[in-house]
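Chemist: Listed below, chain by chain, are the residues.
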Amino acid sequence: MALTHKATVMDEKGIMQALRRIAHEIIEHNKGIDDVVLVGIRSRGVPLAKRLQAHLNEIEGISIPLGILDITLYRDDLTERQDQPQVHTTDVPFALDKKHVVLVDDVLYTGRTIRAAMDALIDLGRPATIQLAVLVDRGHRELPIRADYIGKNVPTSSSERVDVKLNEIDESDQVDILEQ
Amino acid sequence: MQTLRRKDILGLEEMSAEEITLILETARSMREIMQRKIKKVPTLRGRTVLNLFYEPSTRTKASFELAQKYMSADSVSVAGTSSSLVKGETLKDTVRNVEVMGIECVIMRHPVSGSAYYLARNVEASVINAGDGMHEHPTQGLLDMFTILDKKGRLEELKVTIVGDIRHSRVARSNIWGLQKMGAEVVVSGPPTLMPPDLEAFGIKYCPCLEDAVDGADVVMALRLQKERQEGGLFPTLREYAEIYGLTSQSIAKAKDDLLIMHPGPINRGVEISSELADSNRSVVLEQVTGGVAIRMALLYLLMGGVKEE
Numbered sequence: 246m247a248l249t250h251k252a253t254v255m256d257e258k259g260i261m262q263a264l265r266r267i268a269h270e271i272i273e274h275n276k277g278i279d280d281v282v283l284v285g286i287r288s289r290g291v292p293l294a295k296r297l298q299a300h301l302n303e304i305e306g307i308s309i310p311l312g313i314l315d316i317t318l319y320r321d322d323l324t325e326r327q328d329q330p331q332v333h334t335t336d337v338p339f340a341l342d343k344k345h346v347v348l349v350d351d352v353l354y355t356g357r358t359i360r361a362a363m364d365a366l367i368d369l370g371r372p373a374t375i376q377l378a379v380l381v382d383r384g385h386r387e388l389p390i391r392a393d394y395i396g397k398n399v400p401t402s403s404s405e406r407v408d409v410k411l412n413e414i415d416e417s418d419q420v421d422i423l424e425q
Numbered sequence: 009m010q011t012l013r014r015k016d017i018l019g020l021e022e023m024s025a026e027e028i029t030l031i032l033e034t035a036r037s038m039r040e041i042m043q044r045k046i047k048k049v050p051t052l053r054g055r056t057v058l059n060l061f062y063e064p065s066t067r068t069k070a071s072f073e074l075a076q077k078y079m080s081a082d083s084v085s086v087a088g089t090s091s092s093l094v095k096g097e098t099l100k101d102t103v104r105n106v107e108v109m110g111i112e113c114v115i116m117r118h119p120v121s122g123s124a125y126y127l128a129r130n131v132e133a134s135v136i137n138a139g140d141g142m143h144e145h146p147t148q149g150l151l152d153m154f155t156i157l158d159k160k161g162r163l164e165e166l167k168v169t170i171v172g173d174i175r176h177s178r179v180a181r182s183n184i185w186g187l188q189k190m191g192a193e194v195v196v197s198g199p200p201t202l203m204p205p206d207l208e209a210f211g212i213k214y215c216p217c218l219e220d221a222v223d224g225a226d227v228v229m230a231l232r233l234q235k236e237r238q239e240g241g242l243f244p245t246l247r248e249y250a251e252i253y254g255l256t257s258q259s260i261a262k263a264k265d266d267l268l269i270m271h272p273g274p275i276n277r278g279v280e281i282s283s284e285l286a287d288s289n290r291s292v293v294l295e296q297v298t299g300g301v302a303i304r305m306a307l308l309y310l311l312m313g314g315v316k317e318e
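Protein chains in written order, with this note's numbering: chain Y, 246 to 425; chain C, 9 to 318.
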C-alpha cells in the first residue's frame, strides 16, 4: 500500500530544540545528572540518545554513560510476524544498579517496545528509576505506559504512519506523517 | 539477509555463505547475553526442544542444553541406549513419539551418517544435526568459524590446516565445507590411511608432511584421534602418530606468528597437541566452547523465533 505525505511535523531545528528542552527537563527532574545514564533503543533511539548526551554535556559539562539496547529477543510478537527480525547486539557497558536510566526512543505508539525494553533493562540490573524520553508521542497505547519527556505530541489515526528521519541513519532530520 | 529460510540445520555443505554469515552475526549478539549476570532472555518461552543423543557427548550436549536454558526454551534430554545401535525401525518409532509430544525442535546425535536427514524428512519439527556418523557436525563447524572470525576479524583468504583423521571426522567435513564457502583456504594433513578416498571432491589440498602443511597457516585445527582406528590397523601406535602428526612448537614452526590452535575436544594431551601448546596463549580451545553456546542460541532463535512459512 503506497503511503502519501500528509504533513511535516518537525524539521531539523524543531528536533534540535525538542532535544535541548528534554535535556533541561532531565537535569531538572533528576536534580543534576550525577546518577543518570542514557540507554538508546535500536535503531533510531541510539542517535537520539547520543544527541541528548551531547546536549547534557554542553549544559552540565559531564559526559554521562550511554548504552544501546536491542529488544528483539524480548518482543511479544515473534510468533506472529512473518519476517523474523534480525538480532543485534545489546551494549550496555556499565552497571545499571541504583542509576536513573533514561530510555530513549523515537516514537511512542502502542507501548509494546517500551515494555520489552524495560524487561531487557531489568535483566541487566536494578536501576533506581527508569524514565522514558521520546521524540514523538503519537498516542494509541495498548499498555499502561507513558513518557516522562516528550519532544512533541502528535495526534494521529492508527492508519497513519509517523516517519522519523535522522541524519545519522537517513541523511536528513525530519518527522513526517504519512497516510494511506 | 535477515531470515534463515530453512526448517533444519543438517550440514554446512548445503548452506550458502550468506546463511552462514547470518548465523555468525546472530551468534555475536547472543554472546553478549552470556556475559550478563542474568544469563537469560525470554525469547523461546513455552517452546519445546528435544535433545536426542544416541552417542555419548559431554560438551555438545551441555552446550545445547545451556543454549536452550539461556533462551528460556523448555527441553527434555534423552540418551539412546549405548549398547545397541539404534537405527531403522527404532528411529522411526522415535519420530512418531516426537510428533505426538508436540516438540518443535529436535537436536540429534546419531552414529549413522544421514540419520539427521531421515529424521528431518519425517517430522514437522526443526532438526539440528549434532553429529551424524562420519557425515557432518554443522554446529561444530559454525562455532569453529565463529572463533576464527572473532580472533582474526575475517575468514577470507585465511589458511586453515586441519590435521588428523579426516576420513572418519564429521568435524573436518563441516569445517571443510564451511570454511571454503567463507573464502578460506583449507589444507589437510595426516596419515594417508586416514584421508577420505574422495579427497578431490572437497576441493582441498592434501599435504602429508605436517611441517609443510602448516607453512604460512593462520589456523591449525587438530582432530581427536579415536583409539579404535588404531585397532583397525589404520595407524601403528599412538606414539608414532604423535611423533609425526602431533602439534608441537617444532612441528608448527613454519606457521604464522599469530597462529590459532584449535581442537574440538576432548584433547588427548601429548598425542594431537603437546601439553605446552594446549596451554599456550595461541590455543583457543576454551573460546571454542563459549562460542559453541552462542552459535546454538543463534540457531534456536533463527529456527524457532519466527513463524514458519506454510
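Just to be clear, a hint being listed does not mean it is correct.
Among chain Y residues calculated to face chain C with C-beta under 8 Å, some are [as the list claims (entries may be wrong)]:
1. Thr334
2. His345
3. Asp364
4. Leu369
5. Asp415
No lab work stands behind these hints: they were computed from the structure.
C-beta: ideal position from N, C-alpha, C; glycine also.
Chemist: If a hint holds in the structure, say so; if it doesn't, say that too.
Modeler: A quick look at each hint next to the structure:
1. Thr334: holds, 4 Å
2. His345: Violated, about 20 Å.
3. Asp364: holds, 7 Å
4. Leu369: At about 6 Å, which falls below the 8 Å cut-off, the nearest Cβ of chain C leaves the hint on leucine 369/Y intact, so it holds.
5. Asp415: Since chain C brings no Cβ nearer than about 19 Å to aspartate 415/Y, farther than 8 Å, the hint is violated.
Checked against the numbered hints given earlier, the structure breaks hints 2, 5 and satisfies all the rest.
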